[in-house]
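Asker: Sequence:
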Amino acid sequence: MKDILEYFRINLNLLEGKLLDLGCGSGVPVCQHFLHYGWEVTGIDISANMLELARQSNPDGVFHQADMVEYEMAESRYDAITAIYSLFHLTLANQSSVFIKVQRALKPGGQFLFAYATQDYTGYAEFSGNLSFLGVMLPYHHTTPDKLLAELASIGLTAEFVAHINKGGETFLWVIVKKS
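With full-length UniProt numbering, letter number 161 in the sequence shown gets 161, and the count goes up by one each step, no holes.
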């Protein structure tokens, strides 16, 4: 994943900036990567246990326990926002809500990187239901890539990079969109 993060960071064309990581988990690798390059990093996650790990491994980051659907993002604050392996656990309606918040929270020209489940992962063109992950049933929700990109474009987030990428034997749609 470090190759994707480095591609994203370089294409932001900023020596430093402000990053928000939605569903940051342990803060590795996203928060850690951007902190290494001098960025101001904020991570949010719903799990107190994950946030404790994030704080231990990234003492220069700022971490908040919050649900990304409910989290109030400051307007035009961030140069970059990420959501790696987290958005597809939200219902489609909640994904739409988060997309609108992300669009508002990005500075003009800011970019949003996320990994999204698709048919490559679930076996269905569109899916809403539960799947087993490491023996635990988790909610998964996704639409088609075309519908996803159309929704993002309709709120002013233009696709800069879209690719199905296999990491660790699992294929996800990796997307970078830019605020107009």
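I should point out that these hints are in silico values taken from the structure, not numbers from a laboratory.
Among these hints, one or two may not hold up.
To be verified - With a straight-line Cα cutoff of 27 Å, these simulated DSSO-like cross-link-like pairs (lysine-lysine) come out:
no., residue 1, residue 2
1, 107, 2
2, 167, 147
3, 18, 178
4, 2, 101
5, 167, 178
6, 147, 107
7, 167, 2
8, 178, 107
9, 2, 18
10, 178, 2
11, 101, 18
Asker: Are there hints from earlier that the structure breaks, and if so, what are their numbers?
Answerer: Violated: none.
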